[in-house]
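Number of protein chains: 4
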Amino acid sequence: MIIVIQCKDQVGLVGSISTILAKHQLNIVSMREHVDKAENIFFVRLQVEDGDDTGLEATLKEVLPEGATISVNPIPHKKVVVLVTKEYHCLADILIRNFFNTLGASVQCVIGNHATLQDICQRFDMPFYHIPHEQPSKAEFEQKLTDVIDQYSPDYLVLAKFMRILSPGFVTKFPMRVINIHHSFLPAFIGANPYRQAFERGVKLIGATAHFVSNELDEGPIIAQQIIPVNHSFTATDMVKAGQEIESSVLANALKLVFEDRVFVYGNKTVVFS
Amino acid sequence: MIIVIQCKDQVGLVGSISTILAKHQLNIVSMREHVDKAENIFFVRLQVEDGDDTGLEATLKEVLPEGATISVNPIPHKKVVVLVTKEYHCLADILIRNFFNTLGASVQCVIGNHATLQDICQRFDMPFYHIPHEQPSKAEFEQKLTDVIDQYSPDYLVLAKFMRILSPGFVTKFPMRVINIHHSFLPAFIGANPYRQAFERGVKLIGATAHFVSNELDEGPIIAQQIIPVNHSFTATDMVKAGQEIESSVLANALKLVFEDRVFVYGNKTVVFS
Amino acid sequence: MIIVIQCKDQVGLVGSISTILAKHQLNIVSMREHVDKAENIFFVRLQVEDGDDTGLEATLKEVLPEGATISVNPIPHKKVVVLVTKEYHCLADILIRNFFNTLGASVQCVIGNHATLQDICQRFDMPFYHIPHEQPSKAEFEQKLTDVIDQYSPDYLVLAKFMRILSPGFVTKFPMRVINIHHSFLPAFIGANPYRQAFERGVKLIGATAHFVSNELDEGPIIAQQIIPVNHSFTATDMVKAGQEIESSVLANALKLVFEDRVFVYGNKTVVFS
Amino acid sequence: MIIVIQCKDQVGLVGSISTILAKHQLNIVSMREHVDKAENIFFVRLQVEDGDDTGLEATLKEVLPEGATISVNPIPHKKVVVLVTKEYHCLADILIRNFFNTLGASVQCVIGNHATLQDICQRFDMPFYHIPHEQPSKAEFEQKLTDVIDQYSPDYLVLAKFMRILSPGFVTKFPMRVINIHHSFLPAFIGANPYRQAFERGVKLIGATAHFVSNELDEGPIIAQQIIPVNHSFTATDMVKAGQEIESSVLANALKLVFEDRVFVYGNKTVVFS
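Chains as they are written, first to last, in this note's numbering: chain A, 36 to 309; chain U, 36 to 309; chain V, 36 to 309; chain C, 36 to 309.
Among the hints, erroneous ones may be present.
Just so you know, same-sequence chains aren't split out, so a pair can sit in one copy or run between any two.
To be verified - No farther apart than 25 Å at their CA atoms in a straight line, the calculated lysine-lysine pairs in the BS3-like style are these:
#1 121 <-> 291
#2 291 <-> 113
#3 276 <-> 114
#4 72 <-> 291
#5 72 <-> 96
#6 276 <-> 291
If you are wondering where the hints come from, they were derived from the structure by calculation, not from laboratory data.
Could you build the full structure based on these sequences and the hints that come with them?
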């Protein structure tokens with residue numbers, strides 16, 4: 036059983052929480068705790084076993100500061116919808132893990148603004164919706180996305196190389212529930228064509244960043260980052276290929292962390308108990 | 036203030052400990068906890084602030100299982116003696132950090148079985164003892180080492196590329212208090228000339244390992260490891276040079292972890308709250 | 036066009052080779068060269084363009100030392116047969132790349148000593164042969180493997196977590212054409228259960244090694260290696276999972292290097308022009 | 036002997052060069068070559084042995100395109116002047132390597148705009164000049180720097196955490212001969228306080244970049260970059276400390292590459308034959 040709590044910090048929190056757990060005969064198997072001293076916020080993730088969690092959340096609420104976020108035994112197997120454009124590498128990695136039940140979540144469907152990835156989805160019996168972005172308006176495009184998404188009530192949306200910018204209105208519907216893979220080492224190379232930018236700049240490392248989507252372009256809270264060395268012999272195209280190798284890896288890692296309730300968001304930052 | 040505890044695991048340990056801390060008005064700033072389920076051992080490292088630690092250790096002892104190791108506010112600035120042979124890179128790194136007070140410990144003296152590194156020590160006003168290993172017997176060599184070491188009552192001995200194997204009798208005097216840097220990615224290439232072995236084997240990565248010294252050659256508990264890529268263009272000598280770059284880095288990292296009381300030893304393993 | 040040459044070293048080789056290329060109006064786009072001074076062997080890989088390669092190999096032979104290995108425009112798209120047992124991650128990665136034509140080779144079929152991975156192969160219309168290893172004798176098992184393999188005349192066999200040891204007789208049929216992924220940082224943890232060994236040893240990094248198969252267990256020439264950090268919180272099972280993440284990555288990287296004719300083997304080592 | 040050539044690309048360059056070397060009985064021990072197809076520039080670094088280089092440069096000039104840069108046996112042991120402010124880690128690393136003759140260059144003197152690092156320099160008998168930046172004008176400050184530098188005719192200036200921005204006029208005097216260590220993963224976090232910026236942004240990796248200084252702030256050609264992972268438990272100060280560990284390492288690496296004539300600059304990029 037997993038328990039995650041985020042609240043204002045105060046003296047004695049760990050004591051109060053663990054006393055309550057002991058009363059419920061819940062044995063702490065592992066515990067990760069962090070206090071942001073500057074912001075005065077307390078974060079804890081507990082893995083407990085045995086015991087009885089009846090009424091646990093209410094009892095915890097009584098001893099914790101007002102406004103505490105408490106999640107006892109969060110949904111163990113999240114539902115996700117994946118949005119894609121044409122690049123296959125991140126989607127294929129997710130489909131494989133989903134197929135072999137090692138994703139830690141369950142993919143409900145895939146939506147593509149191009150039809151390119153329909154075939155690979157069908158091979159895994161995965162529903163695929165082709166919703167072209169060429170619609171009378173962006174609002175209509177996003178309405179069609181929403182219509183499909185709403186059928187599945189997903190816990191998270193995963194943008195697996197989805198190359199369209201979503202409107203604030205859309206993003207607001209899924210606060211800190213949209214996860215994107217950005218093909219650069221943010222905050223370097225924000226926006227379009229980061230590999231071309233990296234090539235022009237002559238960098239010696241390129242990166243990839245998995246982050247929650249907020250309404251500032253490429254500015255949401257970062258979950259995970261990874262880099263790969265490059266050199267003068269790389270063309271811009273070679274950099275794209277090298278980058279793809281880490282994009283799927285860093286996205287898979289970020290998803291695992293989120294699906295295991297190891298990621299807390301506050302302000303524009305994350306606490307990650309990896 | 037730092038508190039480190041290692042004991043048999045049982046239900047309610049975190050609750051008992053944090054309740055006692057709250058009674059002392061000690062606020063938990065950070066806490067790292069681990070339970071080895073297979074061995075049933077509980078490890079915790081707490082950083083607390085404010086409050087009053089009078090009688091804390093005794094109070095903790097009452098609620099913890101028999102045999103618990105409790106250290107309240109361990110020596111904040113350890114004393115160390117460094118043993119060297121001829122290679123300068125690890126020693127120089129330690130001397131520099133010591134000189135600028137960023138080592139997290141205080142180097143008392145350096146002992147060399149060669150005189151090569153006397154000059155660099157003198158430049159930092161660091162006492163240097165030249166004790167050649169060519170003595171009538173190994174026992175006499177080690178007795179001379181012990182005579183010098185005993186003058187300084189160090190908390191730790193650091194073997195900074197000390198190329199002599201110490202006898203079980205010597206090591207036993209400093210249980211889990213001798214830290215060695217081994218120039219390979221243990222357990223690969225145990226023993227002499229690991230870089231030559233690595234070269235012959237044609238590996239594509241070479242490593243360095245910082246570990247506590249036990250009485251099995253290169254077999255003590257590992258604290259930290261690091262690697263660096265190599266390729267076909269590296270001669271055995273090039274591998275030595277590449278390895279040296281990470282040897283000083285991984286040793287410095289391991290020392291920092293040990294000096295900050297972040298490393299627990301049990302059996303032949305470590306728990307490292309990095 | 037790719038040209039790879041391996042021969043005894045002597046003065047003027049680069050001059051002789053490049054003069055001949057110039058006569059054929061072949062422009063050198065990129066060139067990687069290495070001389071193993073100890074063994075006195077010269078290696079070169081040239082990428083050339085334009086020009087005419089008629090008779091090029093014969094002309095080169097005339098100026099190169101006796102015994103030179105010359106390959107002008109080696110098979111651009113190798114044929115491979117993949118052998119598997121039960122673990123899906125390396126195979127799935129290969130199937131995906133093969134499906135999207137980014138493997139740099141063409142997978143002809145997959146052979147499993149278990150039927151576990153038949154389904155994933157069928158989803159990609161990939162022929163799968165289930166050849167159980169429980170046969171009257173190892174010789175009969177390997178004969179059945181050979182019978183299937185021979186139908187496809189592959190350039191390389193890829194052991195993508197194939198958990199049976201092949202006999203010298205079998206390996207000899209495919210000299211330096213069998214590529215294996217070993218789930219450890221060779222030469223540490225040779226043989227069975229490397230992750231269990233790594234767990235017992237308490238290492239802080241685990242690795243994976245892609246290598247050519249020779250007749251010494253886990254001793255063939257190494258192509259590529261990679262590592263991933265682990266810590267005390269990892270069970271042996273967690274180490275297996277962490278290792279799998281790099282196994283597919285390091286195997287994919289090694290295959291790319293081999294398929295692009297960037298890997299030379301000599302003795303028990305490789306030259307890799309990555 | 037090292038030979039480095041940079042010129043317009045054309046067919047047959049390698050052939051022409053190696054034919055000339057063969058005539059001089061110069062045996063090619065290692066050769067690294069690169070063609071930037073987009074810019075049509077050819078780069079080569081040759082290590083040759085035996086033979087006779089009398090008149091070699093002139094002979095090469097005859098066969099190479101106009102404007103070729105040829106350097107036969109470049110200064111094997113460069114002279115450098117180091118500029119610092121208050122932080123010790125990069126300077127100390129350089130002084131240690133210089134003292135043990137492993138820097139690949141010879142440090143002539145150190146100039147600090149603060150006196151903080153005078154002591155460490157004196158311990159290594161290294162001339163130290165304290166030139167405060169509080170001068171009537173920046174021009175006067177830079178004139179005083181120049182006066183000292185000119186005494187030593189250095190091949191390179193190394194900014195080892197020198198926290199003043201040099202004027203275009205000053206930089207122009209040392210074209211592509213000023214090497215800086217920037218404490219971020221450029222182009223992220225240009226300008227002041229990059230660690231504070233990184234902390235605010237909540238990044239999961241921080242970096243350091245060694246680059247040639249041009250007249251655009253933090254925009255010169257990049258030589259080497261390196262990163263280190265960080266997490267939510269790092270304060271901005273912790274990030275500074277973590278960053279310092281890689282700053283000295285990446286600067287040392289970049290200096291080694293430059294001093295061994297492995298770095299070519301063109302436009303705002305480098306070719307690095309590492």
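Each hint tested on the structure:
In the homo-oligomer, the alpha carbons of residue 121 and residue 291 lie at most 25 Å apart both inside one protomer (23 Å) and across protomers (23 Å), since each shortest distance falls under that limit. In this assembly of identical chains, residue 291 and residue 113 lie within 25 Å of each other by CA distance solely inside one copy; the values are 11 Å within and 35 Å between copies. Taking the shortest Cα distances, residue 276 and residue 114 sit within 25 Å of each other only across copies (22 Å), while inside one copy they are farther apart (30 Å). Proximity of residue 72 and residue 291 under a CA criterion of 25 Å is satisfied inter-copy only: 23 Å between copies versus 27 Å inside one chain copy.
Proximity of residue 72 to residue 96 under the C-alpha cut-off of 25 Å is restricted to the intra-copy arrangement: shortest distance 22 Å within a copy versus 30 Å between copies. Proximity of residue 276 and residue 291 under a CA criterion of 25 Å is satisfied in both settings, with 23 Å inside one chain copy and 12 Å between copies.
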